[in-house]
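For reference, the chains in residue letters:
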Amino acid sequence: MADTAVHPAASSEPRGPKPRKKLSRNNIIIYGTLLVVAFYYLLPLYVMVVTSLKGMPEIRLGNIFSPPVEITFEPWVKAWSQACTGLNCDGLSRGFWNSIRITVPSVIVSIVIASVNGYALANWKFKGADAFFTILIFGAFIPYQVMLYPIVIMLREIGLYGTLWGLVIVHTIFGMPILTLLFRNYFTSLPEELFKAARVDGAGFWRIYFQIMLPMSLPIFVVAMILQVTGIWNDFLFGVVYTKPDLYPMTVQLNNIVNSVQGVKEYNVNMAATLLTGLVPLVIYFVSGKLFVRGIAAGAVKG
Amino acid sequence: MESSISIRDLSLSFGAVKVLRNLNIEIGQGEFLVLLGSSGCGKSTLLNCIAGLLDVTDGQIFIQGKNVTWAEPSDRGIGMVFQSYALYPQMTVEGNLSFGLKNAGMAKDEIKKRVARAAEILQIEPLLKRKPAALSGGQRQRVAIGRALVRDVDVFLFDEPLSNLDAKLRADLRVEIKRLHQRLKNTMIYVTHDQVEALTLADRIAIMKGGNIQQLASPNEIYNKPANKYVADFIGSPSMNFLEGVIDISGAPQFNSDVMSFDISGYEFVDGPTGGPAWFGIRPEHIVTGELLANAPVQFDAEVELVEPMGSDTLVWAKVEGVPMHFRMDGQAEVRSGDQMRIGFDPARANIFNKETELRI
Amino acid sequence: MSSERPNGLFRNIPAKVAAIPMIITALVVFMGGSLWTMAYSLTKSKLLPKWKFVGLDQYERLWSTKRWVVSIENLFIYGVCMLIASFVIGFILAALMDQKIRFENTFRTIILYPFALSFIVTGLVWQWILNPEFGIQSIIRGLGFTSFEFDPLYNADIAIYGILIAGLWQGTGLIMVLMLAGLRGIDQEIWKAAKVDGIPTWKTYLFIVIPMMRPVFITTLVLVAASIVKVYDLIVAQTGGGPGISTEMPAKYVYDYMFGGQNLGQGFAASTMMLLAVLVVVIPWAYLEFGGKKRG
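Chains as they are written, first to last, in the UniProt record's numbering: chain A, 1 to 303; chain B, 1 to 361; chain C, 1 to 296.
It is worth saying that the hints were derived from the structure and are not from the lab. A couple of the hints might just be wrong.
What the hints assert, rightly or not - Not the full set, but computed from the structure, chain B residues with beta-carbon under 10 Å of chain C: (1) G52; (2) W70; (3) P73; (4) M80; (5) M91; (6) N103; (7) A104; (8) K108; (9) R151; (10) S265; (11) Y267.
As the list claims (entries may be wrong) - Only pairs whose alpha carbons sit at most 27 Å apart, straight line, appear in this in silico DSSO-like list of lysine-lysine: (12) K129(B) / K195(C); (13) K102(B) / K131(B); (14) K44(C) / K66(C); (15) K195(C) / K18(A).
By construction, the Cβ of each residue, glycine as well, lies at the ideal position given by its N, Cα and C atoms.
Full structure from sequences and hints, please.
Printed below as a string of C-alpha cells:
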C-alpha cells in the first residue's frame with residue numbers, strides 16, 4: 001500500500017480546495033453581464049404580456065413597463081375573435097386556423113420528401129446525385145426574391161396559384177435544402193454496416209428505409225419537425241405572395257391588424273394578437289429545448 | 001533524500017461521487033512513476049490534481065518540497081504532455097514551444113536557447129517552421145514533449161501520451177521516452193492503461209481502481225507478488241489462471257478444490273501458512289511441459305482444447321479435470337486440439353489470495 | 001442477380017425516383033427560376049412578363065432610383081452593424097456561458113427564444129417599445145430627464161438603427177448558440193495545455209481559441225450574411241420602410257415593384273442585384289470550404 005506515515009506538515013495550510021470567494025470579481029462580471037442581457041431579452045416579452053392585460057385607458061396613462069392595475073383578458077378575446085383586417089372583423093382566429101391548415105400538410109410533405117431524398121443521397125449514391133445536391137444547397141442561399149415570380153408562373157400553369165396546396169409546394173421546395181442536408185448527414189452518420197447487412201439480407205430501397213432507417217431516426221425527425229413547424233408558422237413572405245386574403249396565414253393577418261391605419265390603435269389588442277401569433281413557436285421552443293438547439297446547430301453548421 | 005512529489009491524504013469528490021480516496025504517495029527525485037488502471041479508475045484525475053488542473057477536495061500536494069495545493073498549474077514547476085497532443089494548431093512548432101515562455105516575459109535569447117535545446121534532444125529541428133497539421137502523429141507528440149521540455153522543470157506529467165498512436169509508433173516512442181528519462185533524470189509521472197508501457201517504463205507502478213491505489217511497487221514485484229487478486233488479474237497477458245479452493249494447513253500446506261488437490265509447501269506465505277477458502281493463481285508462463293516437468297512438483301494431465309500460435313510462443317487452452325487452464329509453450333511446439341499432455345508448475349511461483357478479502361496470503 | 005450488368009440508367013431506380021423532387025427543385029426552380037428572372041430583368045416587362053429586350057435599361061433605372069440607392073445604403077449599414085455587433089456580442093455571450101456557470105440552460109433559453117419568433121412579431125414588439133409616446137423615451141422622460149430623446153423609428157436619420165436593435169434581439173441568440181457549439185468543440189486539453197503554460201484566459205481565447213474557430217466563424221458569417229440580404233418581414237412589420245423611405249431594403253423594393261407597382265422588370269433587376277450580392281459572399285466561401293479541400 002501507499003506510504004501512510006503521518007506527516008507533521010499534513011495538517012497545516014494550504015490544504016484541500018483552493019479557497020474561493022463566492023463573489024469573486026470574475027463571477028460578478030459573468031453573472032452581471034448575463035443578467036443584464038437576460039433582462040434585455042426578456043423585456044419585450046414582459047412588455048407584451050403586461051400591455052395585453054391592460055385596458056386602453058390605463059395604457060394611455062401609465063408607462064408600458066408598469067404591471068397592470070386591473071387585469072383584463074378582454075384584449076385577448078378581442079384579438080382572437082373581433083380584431084379587424086380591412087372589412088373582415090372576425091379576429092385572428094381565422095389566421096390561426098389558416099396557419100394550421102398550411103403548416104400541417106407542409107411539414108408532413110416536406111419531411112417525407114426530404115427524408116427519402118436524404119436517405120437516397122446517403123446510401124444509394126447514383127451518378128450526378130452530388131451535383132444536384134450541390135445545386136440544391138446553393139439554392140438555400142439564393143434570395144427568395146429571385147425565384148418569387150417564376151414560381152408564381154409555375155403554380156399558375158398547374159392551377160395551384162393562390163391555393164393552399166400551392167403554398168404547401170412552395171414550403172416543400174424552400175425547406176428542401178436544409179432538410180435534405182439534415183437527413184443526409186444523419187443517415188451518413190449511421191453505421192454503414194447496418195445498411196450493407198440489410199442489403200445482403202436482400203432488402204430493397206423502401207424496405208431498408210421503412211424497417212431499418214426510420215426506426216433509428218426518430219430524433220432527427222423530431223428535430224426536422226421543430227425546424228419546419230417554427231419556420232413555416234413564422235413565414236410571412238410566401239404567405240403574402242402565394243395565397244389570397246381568405247387564406248392568409250396568421251403572421252400576415254397579424255401584420256394587417258396591427259399596421260392597419262384605420263381607427264384608433266388598440267395597443268392591448270395588438271399585443272395580445274402578437275403574443276397569440278408567437279405562442280405556437282414559443283411553446284414548441286420551450287418544450288423542445290435542446291432539440292431545438294440541435295436543429296439550428298445541425299442546420300447551420302455545414303455537413 | 002527529499003521526495004520530489006509528495007501527495008498527502010488527497011481526496012477528490014464530484015458531488016457525491018468519490019473519485020480519489022485519501023491517497024498518499026511519495027515520489028523520489030528522478031523517479032519514473034506510472035499510474036496504471038482501466039478507464040474510470042481515477043488515474044488521469046490524480047494527474048490533473050497534481051498539475052493543478054483540478055481543485056482537490058481534501059489533502060495536500062508538495063512538489064520539490066513546496067506546498068502547491070493552491071498554486072496555479074504554471075507555478076508548480078511541471079510540464080505536461082497530453083493524449084491529444086493539444087498543440088496550438090495555428091502556430092508553428094517553434095511558436096508552440098515558445099508561446100508559454102514569451103508569455104512569461106522571458107528574454108528572447110533564453111527562449112531561443114531553450115527551444116534549440118529541446119529541438120535537439122527530440123530531433124525535431126527540421127520541423128520548427130512547420131505547423132502541427134503538417135506533422136505526423138509521432139512528430140506531434142515529440143513537439144508536445146518539447147513544450148514540456150522548454151519549461152525546464154523538475155517534473156514531467158504524461159497523460160496517456162501514446163494512446164492516439166498506432167502500435168508500431170507507440171513502441172518506438174516508448175523507447176524514446178525511456179531514453180529521455182535516462183538523459184534528463186527528471187521526475188516523471190505517466191498515466192496509461194497499457195500494462196506493457198507501465199512495465200517497461202516504470203521505476204514503480206501504482207495500480208489504481210475506484211480511486212484507490214491497489215498496489216504501489218516495482219514492476220517486478222507487481223508482476224511476481226501482486227498484492228491482491230485484482231492486481232494479479234490485471235497485470236499479465238494472457239491473464240493468470242485462477243483455481244478456487246481451500247487451503248488446508250493441518251499438515252503440509254495443501255490446496256484442495258472439488259476436483260484436485262496438491263501440495264503447496266513450496267509457496268511462501270506472507271504471514272506463514274494460512275488456511276481457509278482461497279484463490280490459487282498461476283501465470284500461464286509458469287506452467288511447464290516436457291523436459292521442464294522435472295522441476296515441477298505439481299503435475300496434471302491436460303486435454304488441449306484450443307491452440308493459438310503467436311509466433312514467438314504458442315498459447316494453449318486446455319482443461320484439467322474439467323477446469324480450464326491456459327499456458328504458454330514454445331513457438332515451435334507441435335500441439336493440436338484434442339491432444340493429451342502432461343503439464344506442471346512449481347507452487348513457489350504461484351500467488352494465493354484469500355477468498356474474501358482477495359488479499360495475498 | 002442477373003449475370004448481365006444492367007444499363008447504368010436503369011440501375012438504382014428507386015433512389016432516382018426518390019430524388020426526382022430534389023432534381024426538379026434544383027434544376028427547374030432554383031436554377032431555372034434564377035436564370036428566368038435574370039433573363040427577364042433585361043426586358044421591358046410591366047404588368048406581365050413580356051419578352052421585349054431592352055438591354056440594361058432596367059438596371060440603369062434601378063440605380064438612378066433614389067429608393068433603391070437608399071435601400072442599398074440601408075442594407076449596407078444594417079448588414080455591417082448587424083454582423084459586427086451580433087458576432088461580438090454573440091461570441092462574448094458564448095464565452096461567458098462557457099465558464100461552467102450555473103443556470104446555463106436558463107440563460108441560453110432566454111437569449112435564444114426570440115429566434116423562435118416570427119420577424120413580424122419581433123418587428124411589432126420593438127415598434128411598440130421604441131414608440132416615443134409610450135416606450136423607452138417616455139419612461140426616461142418620466143424619470144425626470146425631460147429632454148431625453150430616443151425615437152429611432154420616428155427620426156429618419158437613425159431609423160435604421162431602430163431596426164438594428166430589433167434584428168440583434170432576434171438574431172444574436174443564434175450566433176451565441178453556434179459559437180458556443182464551436183467553443184465546446186475545442187479540445188479541452190488545449191485549455192489545459194494553455195493553463196500549464198501559464199497563459200491567461202483572455203489571451204487563450206484571443207490567440208488560440210478564436211483562431212481555432214475560424215471555420216465556425218466563416219460558416220456563421222456566410223449564413224448570417226445571406227440572411228441579412230433577405231431582410232423583409234422585419235421592415236414591413238416594424239416601420240413599413242418609413243419614416244419616408246429611410247428604412248427601405250432591397251427585398252422590399254423587389255416585392256413592392258413586382259406585386260404592388262406592376263413593374264416586373266424593375267423587380268427582376270433588383271432581385272438579380274440581390275442575387276449578385278449573395279453570390280459575392282457565397283462563392284468565395286464555397287470555393288474555400290469545398291473546392292480547396294479536395295485539392296489540399
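A quick look at each hint next to the structure:
1. G52: holds, 8 Å
2. W70: violated, 15 Å
3. P73: For P73(B), the interface hint holds, since the closest Cβ of chain C sits about 5 Å away, which is under 10 Å.
4. M80: holds, 5 Å
5. M91: holds, 8 Å
6. N103: holds, 5 Å
7. A104: holds, 6 Å
8. K108: violated, 17 Å
9. R151: Because about 8 Å separates R151(B) from the closest Cβ in chain C, which is inside the 10 Å limit, the hint holds.
10. S265: Violated: closest Cβ of chain C sits about 54 Å from S265(B), beyond 10 Å.
11. Y267: Hint on Y267(B): violated, closest Cβ of chain C at ~47 Å, above 10 Å.
12. K129(B) / K195(C): holds, 24 Å
13. K102(B) / K131(B): holds, 18 Å
14. K44(C) / K66(C): Holds, at about 20 Å.
15. K195(C) / K18(A): holds, 16 Å
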